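Colleague: Given next are the chains, with one letter for each unit.
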Amino acid sequence: MMHLIALPVLLPLITGLLLLLMAGRKNFALNRAISLIGAGLLVLVAVLLFYTASSGVIQVYAMGDWAPPFGIVLVLDRLSAFMVLVTSVLAFFSIWYAASTMDHPAYNLNGLMHLLLMGINGAFLTGDLFNLFVCFEVLLLASYALLIQGDGPDRAKAALHYVVLNLAGSSLFLIAVATLYGITGTLNMADMAVKVAQLSEEEAPIVGAAALLFLVVFGLKAAAVPLYFWLPRAYSAASAPVAAMFAIMTKIGVYAIARMYTLIFGDQAGHLANLVQPWLWPLALVTLTLGFIGVLAGRTLRMQVSYLVIVSVGTLLAGLAIDTEASLSATFYYLAHSTWVCGALYLIVDLIRRQREDGSDELKSGPALPQATTLGILFFVAALSVAGMPPLSGFVGKVLLLNAVGTGYEAIWLWSLVLLSGLAAITALSRSGSTFFWRTSGGMAHTAKARAWPLAAAIGLLTTTPALALWGEPIIAYTDAMAEQLLNPEHYIQSVLRHTTVGG
Amino acid sequence: MTLLLIVLLPLFGALVPLATERYGRNICAWSACIAPLISLGLLISHLPRVLAGETLRYHREWLPSLGLDLSLRLDGLGLMFALLITGIGLLVLLYARYYLSSKDSLGKLYALLQIFMLAMLGIVLSDNILLMLVFWELTSLSSFLLIGYWSHQSAARKGARMALAITGAGGLCLLAGALLLGHIVGSFNLGDILAAGDQIRAHSLYPITLILVLLGAFTKSAQFPFHFWLPHAMSAPTPVSAYLHSATMVKAGVFLLARLYPALAGTEMWFFLVSFTGLATMVYAAYTALFKHDLKGLLAYSTISHLGLITLLFGFSTELAAAAAVFHIINHATFKASLFMAAGIIDHETGTRDMRKLNGLWKYMPYTALLAMVASAAMAGVPLLNGFLSKEMFFAESLHLEYMGAWGWVMPVLATLGALFSVAYSWRFIHDVFFNGEPVDLPKYPPHEPPRFMKVPVEMLVVLCLLVGIFPHFTVEPFMHAAASAVLGHEMPEYHLALWHGFNLPLLMSGIALAGGLLLYSQRKGLFAFYERKFRSDEKLVFEARVQRSVRLAQWVTDRLENGSLQRYMALFVGSALVVGTVGMWPLAEWTGSRALTPVDPVSLIAAGLLIVGSFGTVLIHHNRFAALLLLSVVGLVVSLTFIRFSAPDLALTQISVEAVTIVLLMLALYFLPQLTPNESGPKRVVRDVALSGAAGAGVGLLCWTVLTRPFTSISDYFLENSVSGGGGSNVVNVILVDFRGFDTLGEITVLALAAVGIYAMLHGLKLPLPNADGEGRRWAQDPHPPILSVMTRILLPLAIMVSLYIFLRGHNMPGGGFIAGLITSVALILQYISTGTEWMQQRLRWNYRKVAASGVMIATLTGLASWLFGYPFLTSTFTHVHWPVVGDFELASAMAFDVGVYVTVVGATMLILAHLGRLAQSTHEPPATNEKGEKI
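Chains A and H, in that order, are what the protein sequence lines are.
For the first sequence, the positions run 598 to 1101 when my numbering is used.
For the second sequence, the positions run 20 to 956 when my numbering is used.
Hints in this document: simulated from the structure, not taken from any laboratory.
Every value quoted in this text rests on a predicted model; they were computed, and no experiment measured them.
Please note that the accuracy of each hint is not assured.
[Claimed, not checked] Straight-line alpha carbon distances no greater than 25 Å define the calculated SDA-like cross-link-like pairs of lysine to any residue that follow:
#1 A:Lys961 x H:Leu685
#2 H:Lys870 x A:Ala620
#3 A:Lys961 x H:Leu34
#4 H:Lys127 x H:Asp88
#5 H:Lys870 x H:Gly890
#6 H:Lys870 x A:Pro1063
#7 H:Lys703 x H:Ala647
#8 H:Lys122 x A:Ala1042
#9 H:Lys127 x A:Leu1052
#10 H:Lys122 x H:Trp49
#11 H:Lys177 x A:Val978
#12 A:Lys754 x H:Phe731
#13 H:Lys122 x A:Met1041
#14 H:Lys870 x A:Lys792
#15 A:Lys792 x H:Asn741
#16 H:Lys559 x A:Ala1042
#17 A:Lys754 x H:Ile778
#18 H:Lys870 x H:Met821
#19 A:Lys961 x H:Asp578
#20 H:Lys870 x A:Leu633
#21 H:Lys177 x A:Ala1053
#22 H:Lys559 x A:Lys1046
#23 A:Lys754 x H:Met821
#24 H:Lys127 x A:Ile1056
#25 A:Lys792 x H:Leu591
#26 H:Lys127 x H:Leu113
#27 H:Lys870 x H:Leu816
#28 A:Lys754 x H:Trp49
#29 H:Lys870 x A:Leu1052
#30 H:Lys127 x A:Ala1053
#31 A:Lys961 x A:Pro875
#32 H:Lys544 x H:Thr435
#33 H:Lys870 x A:Met1041
#34 H:Lys127 x H:Leu34
#35 A:Lys754 x H:Ala647
#36 A:Lys792 x H:Met821
#37 A:Lys961 x A:Lys1046
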């Protein structure tokens, strides 16, 4: 079925539109059912695509049947299939949680989540640079609309910072893409790779500048130093399923960096070969460091989790900077892990918060939670995983990455920072866990127990972490092959440029 | 397979007591013991083969690409430890049944204890160091939960966190060490690593590897200077202390030394690092133990000291020392576990563990006293008990050390000193608790013997102490032989354990230690006072203060960086772009490319001048918001003119209508804000911002210049050629929008619809204080809807809609299209709103604009999907010509349906924004009386 590639974009679009059209109905049951079915179908599609891609074929889908490089193409390779799968699993549980806990008729939370998914999946699948911009816009607007849901000055302020900075990012994206187009005359990424490789020495610096501007754009999305400052407050202010869903947002930046600087500006890019890797390395290490300092500093649980997201970004960027097959494989294994576990953490924190008497996640003692044991176990497992303790996926990811860096000078930096960040996470999370579950005062809180559905959503998302570790081998085999494909983009380029349209 | 079963059975054992807890404590206890009993049985069944020197293995792949496999091995060392872990574990389970009060959950304790047992068994049976590390961390984690079992106590919580932080940090070091070992050897398999000892020791990474591994071992085994967490772990229930802090967890560190002995030992560095750490720990902790008034505190420091002794023995690097170390591990586990249990009994029966209160218990509980005294004597190294034998071996080994050279006397002297302290505190344990007058203020009085079965575990261990002490040859020797051979990696030389070796130097050292210890204890009053003055510090408080300090430091750093200032974040963003842009452009040889410049005409020049004035003006007067907005609209208009000048009528039309709509909407929004922006930036920041934005603007300008002056070939020729033949339209811009790049357009109208929904969510239920006068206090006009305007606009409306339809229909071939038409319709409707008010419009136009916008996108999407029916990809277009009577030949393209979607979305989105902004203003023009609060719906 050739249209399968387009489904990760179209399915959420249609689901989202349906939900928007049904907005305002008094009976939510149907909305929830549609939302969940849409998300479930998306997982199914993503799994099918994952299987397709795992054979190593690269599939191209020409929108409007216009042959590349003239029309817009969607490209399915191992990386895009992997990202779509990671996203759809996360989305399924986030939407499940959203559908079972909240949706004010005014807010269209579920509908917006699906439209956000459309943008995210589009960004992963598209083989066209301008279309990537459009996808970024879709996901930016959707995430902004999701972020301002509800009220409170904190949320409004954080959302404003988020949208203003990201609009600036979009402008820079346009400037950079216009520069690239102005020199290479194309927007198709595969075609651009060919053109960039043939650039004269005279013109190369202009394209190089644009390539570096893209690093700023993607760095802002990925929340790398010095562009991450918007993230902690924005994510902490978001409602739980939205924050959980946002766990993938920084990874879009990471994906874009990986894609652009292997496909277009990779080894074969002539004068501009591998021009960002020297930048990435220090940025990654500083991000990692400031991230774990932030984890220690967190005054609320959500702030800690938000900084853990930044730690994961630093770790991932370090993996990209090393730029070997082993490191890229480790990076994407770690990406799946950190996305899912950070998402799960946001959901768990929300469950905890709802059972606290003051409804806050500030690190201070309070009455015991009605479901302390269940939530305690969930929090414990999630904390272990995110801190990289065995035998969960965080451990596997970290070991893969540490093994990939070799034993040179770079290893000293990465090893000490990654291990220190683990220690910081253990210290900080044991402090907060002990505060929430052990240092109780004043009897039992008079709050309602969590209902089964949201609890199941959080547990479901959390089970991905033991699953990633237990069945890690096939996943690592996949990411290995993916890294190989990523570092040898000829296949990708040929597949796109030789694509024949249906109409011939 | 049975090896795997031995390790995993406790997991099953952890679940059972949770399920059986409700059937009473006895059933819970017995059912909890089933799994470890089977494990123990399985171990015993392998006994003959292992003692004969065989190594049993189990291998199963887990993550081979990581080098992490599920491989287990059972050799002498593993067997010895596994027997200790399961054996003492079972005794602890039994003991805990009687120890725990009925308030506490027995099932939970059992579950945690057995998870811990699993982790320990995993460590000692792993045949892969990464797998060992997995279990290693699992012991840290389960012990965290066990120490914090009484979570309501602050001491327990802090103790647990401290233990986790220290052993967790050690675990991370060990992880690094293990990875280095794997790197050197090329395998994480223990067999390979042990066989590659020479290679490891010769490698340049050996020193760092050794240090990292030792950090792991020393933190776990509470070696100086990482010892301080162990005494605070004593906040755990006593069965936990007996199990974790005597027999098992703390032994994991020395187990690691034993396990990696063939791979790492045998260098000078090993000798000095290991033996001196062990020595310092042994002496310091033995000294400190004497001064602890808490029974468990004394035992904790004594444990640290004995672990130091074992470490020291491994440091000696001789074959017999390693054997002695193994021997002492067994001995220490037996007497220390029984002592902890005895301390727990005393605590249980008297309600206190303070030795200043506990006196003369001999009268009340003679049987327990006897057991405790035998165990304590074993700890002191009194002949006929097991502790004596290993201590003799230790003394003997300390006498001939090749690495010490002329300093050879230091070791035996300090060894004797350590033993002397050990005798002193052991004697204190006996004398203070069971004799020394009458008890003082016991919380429970009078104390009596504990329940029968609570003593059974202690009895069994004490009997073991005696048996080993008297008949070492028949009891412990085969185990020790097998274990020591496994440690050394080759067959242990012939050696026989015996009570009597004749009068020799070690015996003399023992004698000095015994006599000196008793003497020291007799001088205790002065010593206690001395210690109280000098050395009282609570590591828990120190640790907590350190954590607090690092948290505060982290908060200081984080607050400095992430200070919530959007201006700063923007400055960083622009600054980053400037830096990378400059670096990227640096190698550029020539700014100006080879393309000939087009001549400048006066009109363009004037327009450019206007543009510049408009932009600068906007920035300069931005404090006056309305005026700035008006100047900004000049910029927009000039841009539209520029489009016309360079033959892009579509873009110009779009730009003009977008301009009109946004300015109106912005006016509406500004209405709710103060007229003037307060001045918030200091002069320094203004300079920074001007410099940054000026440089960024210049940078973008230069970038444009370099790009535009260079020759250019692009894909756009293809669009020009294929617009009519492939897209069925001669307006290339429109064909690009709805066909060539229709997918982009679909995305953009989704963005529009999203903006509408987002604004709806933002404004829904929002209450804003409304001004009823302008900035200078002039009231807004009382007549908001002048009749002339409303009459005019009502006439205009159908005309405007007709124009927009026309623009829409001709769009595919001439300037126009759905986007522009939608904007024109919106402008027409906006005029109605302005002239007659929101309420009037709402009564007549009862549309839900969110749904309008969404259905627009839906129409476009469905149009795209229709091509699937014909086997073409999404959004493939088709077109045909039809003949309409009167109108004539007419072209019908499927892309027009898509364009309808665009049109509907644009109308829906703009109207939603307008209607909601307008609704905020509904009450503005009402009489001031009802407007006092300045609020509306």
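Colleague: Keeping to a limit of 25 Å between CA atoms, is the pair of H:Lys703 and H:Ala647 held or broken?
Modeller: Judged against 25 Å, a Cα distance of about 23 Å means the pair holds.
Colleague: For the pair supplied as a hint, H:Lys177 and A:Ala1053, is the alpha-carbon distance within the 25 Å limit?
Modeller: The given pair, whose Cα atoms are some 32 Å apart, is violated under the 25 Å limit.
Colleague: Does the structure keep H:Lys127 and A:Leu1052 at a Cα separation of 25 Å or less?
Modeller: Answer holds: H:Lys127 to A:Leu1052 is near 22 Å, not above 25 Å.
Colleague: Quickly compare the C-alpha distance for H:Lys870 and A:Leu633 to 25 Å and report which way the hint goes.
Modeller: holds (21 Å)
Colleague: Is it true that the CA of A:Lys961 sits at most 25 Å from the CA of H:Leu685?
Modeller: Distance ~44 Å between A:Lys961 and H:Leu685 Cα, so the pair is violated.
Colleague: Holds or violated: are the alpha carbons of A:Lys754 and H:Ala647 at most 25 Å from each other?
Modeller: Status holds; Cα separation ~24 Å.
Colleague: Could you grab the alpha-carbon distance between H:Lys870 and A:Met1041 and see if it respects the 25 Å cut-off?
Modeller: violated (46 Å)
Colleague: Tell me if the straight-line CA distance from H:Lys870 to A:Pro1063 falls inside 25 Å.
Modeller: Given pair H:Lys870, A:Pro1063 is violated - Cα atoms ~43 Å apart, limit 25 Å.
Colleague: Compare the distance between the alpha carbons of H:Lys127 and H:Leu113 with 25 Å, and conclude whether the hinted pair is satisfied.
Modeller: holds (15 Å)
Colleague: Compare the distance between the alpha carbons of A:Lys792 and H:Leu591 with 25 Å, and conclude whether the hinted pair is satisfied.
Modeller: violated (32 Å)
Colleague: Hinted pair, alpha-carbon criterion (25 Å max): H:Lys544, H:Thr435. Please report holds or violated.
Modeller: holds (23 Å)
Colleague: Taking only the CA atoms, is the gap from H:Lys122 to A:Met1041 under or equal to 25 Å?
Modeller: Given that 25 Å is the threshold and the Cα spacing comes to 17 Å, the pair holds.
When held up to the earlier numbered hints, the structure conflicts with 1, 3, 4, 5, 6, 12, 14, 16, 21, 22, 23, 25, 28, 29, 31, 33 and 36 and fits the remainder.
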